[in-house]
Amino acid sequence: MLFAVLIPLLIACFIPALSKLKTKIHTGIFVFFVPFFIFIYFASFIGTDFSPVMEQYNWIPSLGINFDLYLDGLSLLFVLLISGIGALVVFYSIYYLDKSEQLGNFYVFLLMFMSAMLGVVLSDNIFVLYTFWELTSISSFLLIGYWHFKERSRYGALKSMLITVFGGLSMLGGFILLYVITGTTSIQEMIQQADIILSSNYLPLILGFILLGAFTKSAQFPFHIWLPDAMEAPTPVSAYLHSATMVKAGLFLVARFSPIFATYEWFFIVVSVIGIITLCWGSYMSVRQTDLKAILAFSTISQLGMIMAMLGFGTPIAIFAAVFHILNHATFKGSLFMVAGIVDHETGTRDIRKLGGLATLMPITATLAIFGTFSMAGVPLPFLNGFYSKEMFFDATLGLGSGGWSQVIPYLAVIGSIFTFVYSMYFFFGTFTGKKQLDQLPKKPHEAPIGMLISPIILVAGVILIGLFPNMVNAPFLQHAATAVNNAVEYNKISFWHGFIPPLFMSLAVVGIGTVLFITRKKWQAVYNFLPGKTSFNHIYNGIISKLDTFSKRITNFYMTGSLKTYMSLILSTVLIISVVYMFLTDGFAFSTNQLAEPSFIEIAVVAVMIIAAIATIYMNHNVAAILVLGVVGFGVAILFVIYRAPDIALTQLVIETVTVALFLLCFYHLPKMRKSTDSLKTKTVNAIISIAFGALITIVAISANSSRWFDSISDYFVENSHKLGGGDNIVNVILVDFRGLDTLFEISVLGIAALAVVGLIKMKKNKEAE
Amino acid sequence: MEIITSILAGVLFATAIYNLLQKQLIRIIIGTALISHGAHILILTMGRLKAGQPPILIEGISNYTDPLPQALILTSIVISFGVTSLLLVLAYRASQENNTDNMEELRGNENE
Chain A
82 MLFAVLIPLL IACFIPALSK LKTKIHTGIF VFFVPFFIFI YFASFIGTDF
132 SPVMEQYNWI PSLGINFDLY LDGLSLLFVL LISGIGALVV FYSIYYLDKS
182 EQLGNFYVFL LMFMSAMLGV VLSDNIFVLY TFWELTSISS FLLIGYWHFK
232 ERSRYGALKS MLITVFGGLS MLGGFILLYV ITGTTSIQEM IQQADIILSS
282 NYLPLILGFI LLGAFTKSAQ FPFHIWLPDA MEAPTPVSAY LHSATMVKAG
332 LFLVARFSPI FATYEWFFIV VSVIGIITLC WGSYMSVRQT DLKAILAFST
382 ISQLGMIMAM LGFGTPIAIF AAVFHILNHA TFKGSLFMVA GIVDHETGTR
432 DIRKLGGLAT LMPITATLAI FGTFSMAGVP LPFLNGFYSK EMFFDATLGL
482 GSGGWSQVIP YLAVIGSIFT FVYSMYFFFG TFTGKKQLDQ LPKKPHEAPI
532 GMLISPIILV AGVILIGLFP NMVNAPFLQH AATAVNNAVE YNKISFWHGF
582 IPPLFMSLAV VGIGTVLFIT RKKWQAVYNF LPGKTSFNHI YNGIISKLDT
632 FSKRITNFYM TGSLKTYMSL ILSTVLIISV VYMFLTDGFA FSTNQLAEPS
682 FIEIAVVAVM IIAAIATIYM NHNVAAILVL GVVGFGVAIL FVIYRAPDIA
732 LTQLVIETVT VALFLLCFYH LPKMRKSTDS LKTKTVNAII SIAFGALITI
782 VAISANSSRW FDSISDYFVE NSHKLGGGDN IVNVILVDFR GLDTLFEISV
832 LGIAALAVVG LIKMKKNKEA E
Chain B
21 MEIITSILAG VLFATAIYNL LQKQLIRIII GTALISHGAH ILILTMGRLK
71 AGQPPILIEG ISNYTDPLPQ ALILTSIVIS FGVTSLLLVL AYRASQENNT
121 DNMEELRGNE NE
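Which chain is which? The protein sequence lines are A and B, in order.
Numbering (the numbering used here) for the first sequence: 82 to 852.
Numbering (the numbering used here) for the second sequence: 21 to 132.
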């Protein structure tokens, strides 16, 4: 199994080399064998005596992340869909994509996707599942944007990426919570610990997060908006990803976790309600579309909603119907997408208003379409598989019990199905019957090449075969899948005729009302055009995206003004507020007068002079005066050093201050004259408040620090050992060059770098003048 | 006395910051010079004032002021000198190149 998952990725590495041969051999031919053999490998598991298989491979054992693959009935159904339809899609794409396209890219993305999808459905480890889940999002993004020179493609790709990754991340949150609660990363072990999960306080969160992931991936209401825009992808991609496989990943996730949540009331409510809403909304929206692929996109949304609703019901018959419909939908929807692709390919347009009367020109395509659309509509004919699952769906809605609002569900199901019937008929009759409008078509239509028809023929053959012999897939295949979701399977035999029971009447009502609605379609056009109007969720999505842009731009422009003064004020205010709040919260202020030095007159005088000089710097409007006042402060510091018995620093300070003043004088001669501040009174006040508050903070912090000494200085060591170990009597100098010599080394480097920078600045100027 | 020097440090910081918030480059440099003076005073104060003799070993004296803050200040003075001199040259060059010493007018290019 490990190889089945990884082989597409491995082959993808060789595709770029193989695609160089594309003038001779279409790259798709090499690719075709990959899904084909995977399909054959997994097909060998089918059988009535199938039992789940688990394979384990170490990946990151220390984190409990292992490459555990688990194949049960549900996974088997999905891997067969992925590989089977994958093979057909690759075959179809050989004829669909011209050799002038970038085939290497296409098949690399497609194989990446195939690997990712197989990984999603086979992983038993939640984190491995998540990894593959995101890989499907990424490869889908690449495939939707395949024709990246088209604006619409890029828009669709980005939209699907944003929505599905949003859901994927929330799903990761759910997974992490599950891991925290159960202590295991294996889904099967979690199912055994369902009681612990169900009694956890985080249960609503977990369910919400995981369902968000499933709903965004499976295009459920209101996250369905990405799917119609994903139709900008090449048609094989739409057929594969956006009808048969990726959009079913969400269904798979819900089905996979339903053994855990099945007994949780909200699981039933949320999943069924969202599913039913999606069914009705999707089928209604589909009726309004004029583009063939858009009809199919909304149709996919609505069918996914139907399956989701059945998974929510959770009754054995509903689960069986869901599993059955996953299979059926993949067959007829895959074939319909291919039909739409053929029509597009042969006529040059997908606009249903321009198409019509193609049945005589493209008889085979029309035949395929009639089976696909009628099966999708659930027309009660014994050779259409769609009917069986649709009838089971009605049966399941009726079996929900008579409790309160769940009685509405059958009616909603019928309404959704009526619209399904209408758009299915519209899809077929609008394209293949009626008036020919050949002058409106970009190309002269004719039947597609046989190679392009093979894949849809196989899929339609599947529709008919399952329709004729539904029990052929029942016991060896669907039973296992349904058992994996819900242990109690009671649906032993699928039969066409049940007698005159309510589901049949519902089906007949759908066909009857649907036919009337379809025939009188023109009269309803005004309603269809009016109803969603502004409530379209695309408006909301576009609104959110553009609002986010403008809003974040506004925030950035608010504080990123480009003015250093503003940044300085912001930084200082932040430091100020945090320090004050923290001091206040921790009761940090301390005041004690123990062990303070006695102030003498001379010290106070020096300090007073310094304070006056410091304040005077603000008011000096003449260069030399400002330097001199600053010099007063500097020399004051030196005097204080003298008074406080620090001969070395006093010396240094004196020298440095002298040099600095000299340097200032040197520079000020060249610098522009100092001006009086032109700031408004308000700015001045704000500046004054910030500076005074900051100064006060420094004073308070200094006093508190001085008043609360918790341990003695380490300086005794220096005093004792300066002579003994350092061989010197000047303790400060011994510290500088001996005990803490490293500081001095780098201080020298700082000076050196400063000197070099000064030289550089001056030299650079000369170079510039030389230019 | 420690309280008085604490207040002095506070005043030095306040005036330094007021200067830093000005528009003219020179005033900003004066601000940085003042802020380093304030910091040095602060370090000295934290090391306790007049607690003993200057830290030069002399026979018979065992009570010295804390030598460690002094070593730190010495390092700091040299570094701030380096920074100040660099800033001065930078200011000189900047005002020469841009024909302004007003920080509000130095805002880079539109297309940066």
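Be aware that a few hints might be false.
Stated by the list, open to error - With beta-carbon atoms standing in for the labels, derived distance ranges:
| no. | chain 1 | residue 1 | chain 2 | residue 2 | range |
| --- | --- | --- | --- | --- | --- |
| 1 | A | Leu666 | B | Thr120 | 42 to 52 angstroms |
| 2 | B | Gln116 | A | Thr637 | 25 to 35 angstroms |
| 3 | B | Thr120 | A | Leu651 | 35 to 45 angstroms |
| 4 | B | Asn119 | A | Gly669 | 41 to 51 angstroms |
In short, the hints are calculated from the structure, not lab data.
Positions of the beta carbon are idealized from the N, C-alpha and C atoms, including for glycine.
Here is how each hint holds up against the structure:
In this structure, Leu666 of chain A and Thr120 of chain B meet the distance hint of 42 to 52 angstroms, their C-beta atoms being roughly 44 angstroms apart. About 32 angstroms separates the C-beta atoms of Gln116 of chain B and Thr637 of chain A, a value consistent with the hinted range of 25 to 35 angstroms. Look at Thr120 of chain B against Leu651 of chain A: about 23 angstroms separates their beta carbons, and that is not inside 35 to 45 angstroms. Judged by the Cβ atoms, the range 41 to 51 angstroms given for Asn119 of chain B and Gly669 of chain A holds: they are separated by roughly 48 angstroms.
Of the hints listed earlier, the one the structure fails to meet is number 3.
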